[in-house]
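Engineer: Sequence:
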Amino acid sequence: MAEKTSVRAVKGMNDVLPGEIARWHRLEALFRRSMALTGYREVRTPFVEHKPLFVRAIGEVTDVVEKEMYAFTRHHDELALRPEGTAGAVRAYVEHKVANAEPVSRWYYLGPMFRAERPQAGRYRQFWQYGAECFGDAGPGSDAEMIAELCAFLSAAGVTAPRVLLNSIGGPGTRVAYTEAVRAYLEPKKAQLSEDSQKRLEKNALRILDSKAPEDHAALEGAPTLESVLDEADKDHFKNLLGHLDALGVTYEVDPKLVRGLDYYTRTLFEIKGAKEKLGAGDTLIGGGRYDGMVEQLGGASVPAIGFAGGLERLLIATDDGEKKPVVSVFLAPMGSPATTYALVLARELRAHGVTCDVDTRGANLKSMLRRATSLEAPYGILVGDAEIAAGVVEVKDLNARTQEKIARSEVVRVLADRLAKGTP
RNA sequence: GUGACUGUAGCUCAGUCGGUAGAGCGCCGGAUUGUGGAUCCGGCUGUCGCGGGUUCAAUCCCCGUCAGUCACCCCA
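Start counting the first sequence at 840; every next residue gets the next number (my numbering).
The hints are simulated quantities; they were obtained by calculation from the structure and are not laboratory data. Note that this is a predicted model, so its numbers are computed, not measured. Hints may contain errors.
Just the calculated beta-carbon pair ranges, DEER-fashion [as the list claims (entries may be wrong)]: (1) Lys906 / His1056: 47 to 53 Å; (2) Phe911 / Glu1060: 42 to 48 Å; (3) Asp1159 / Arg1241: 25 to 31 Å; (4) Ala1086 / Glu1188: 54 to 60 Å.
For each residue, glycine too, the CB sits at the ideal point set by N, CA and C.
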């Protein structure tokens, strides 16, 4: 039993086998393409950071740092596996004094994050996030652009009917003031609240707003609205954002109760949701928002920023399979040992010309070699035996058309490279 | 972290009101000494998740444990 468990993957951390990797590659390529189109460049930061970085950036009383972090001590360093990407990106931005080198920085990232939660559909302990940060632009235009491009990306990926939810929670001062206002309003009604919300009242009263419990909804009737505490500049920012989105043709829903769980957000806050039928409770595809105070808080200059992050596994659930791609273009089936040597040499030449190929070196019979060629969906097969070697030719089989022709060994590399370049199959 | 459900072949699942298991798909071989996906024929694979208890006997009943799934919490 002990031996059995030791060769198991860690709970909530999954293998991606070669059979499913094509779907990942497809989405990753689409994401990189979308980022490149918008002038974003990739940044890679470590998977491990000093734990206090996350505590400071994400917030001491958030669930993510309180109970979901993989934290450990190595010698005298308090370290943690990154639970999200923004903290590390901001740290790198500050550490390398990037603000001094350029006014605006557009960074994206793609990689695994770690959160010790109970696994569920679309929620894992190691999961992949794609995300981006735009530093140095306080204008609502950058908010709108980010949201619009995300919608285009999701649509290219094949997500059906994503919903964009939007809200503004004002500047850092506003957030604190509003949290206090909500707390003060609900304090006398504490007994009516759900058990969870009674705890939230002390810890983070703002979170009661997006509670799912019906009794909380009732208690919130008549609560102070966010709008009542936003200052003119905040309102202006939000109004302009909506205007830009309208012009861009993005449909959205303003949701005054959208708050989100990370403490660092200011002003714009958004979420993009996918189909509940597929994703279940984890239907949030992308979450993001502005965090104008964070760069300064982590020791940098006062630089505004906005970012987002999405879960790749959730996107995989929300999208259908792309087309199946052949594993290789050419499958070489040699009959006999001299033919295997011959095929290995030929394959090397083909690869040198950029042709992907697989040589079946098992010494199996032709029938089973061709079966493999079929399962790899190779468009071409090359059959070689003693007779072909003696004749200086090779049998080239079009595996889709089921036709076959003899081609001179001296010609075959050029012929196949040409045919494949034309994209025939 | 809380609660519910599930755990039988590589995959999807059936089954035994307790007497150690089976179907489809897949895989392998043959029909076709060197020609694939269709068809036909044949074949292989299981510590019935793991540990313990009850019993003459447990895959089936009971307890525990691990894993998975779903919901909550929270979030991507």
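Engineer: With reference to the structure, classify each hint as holding or not holding.
Structural biologist: Here is how each hint holds up against the structure:
1. The given range of 47 to 53 Å is broken by lysine 906 and histidine 1056, whose C-beta atoms sit roughly 26 Å from each other.
2. Judged by the Cβ atoms, the range 42 to 48 Å given for phenylalanine 911 and glutamate 1060 holds: they are separated by roughly 46 Å.
3. Taking 25 to 31 Å as the suggested C-beta distance range, the pair aspartate 1159 and arginine 1241 conforms, at roughly 30 Å.
4. About 56 Å separates the C-beta atoms of alanine 1086 and glutamate 1188, a value consistent with the hinted range of 54 to 60 Å.
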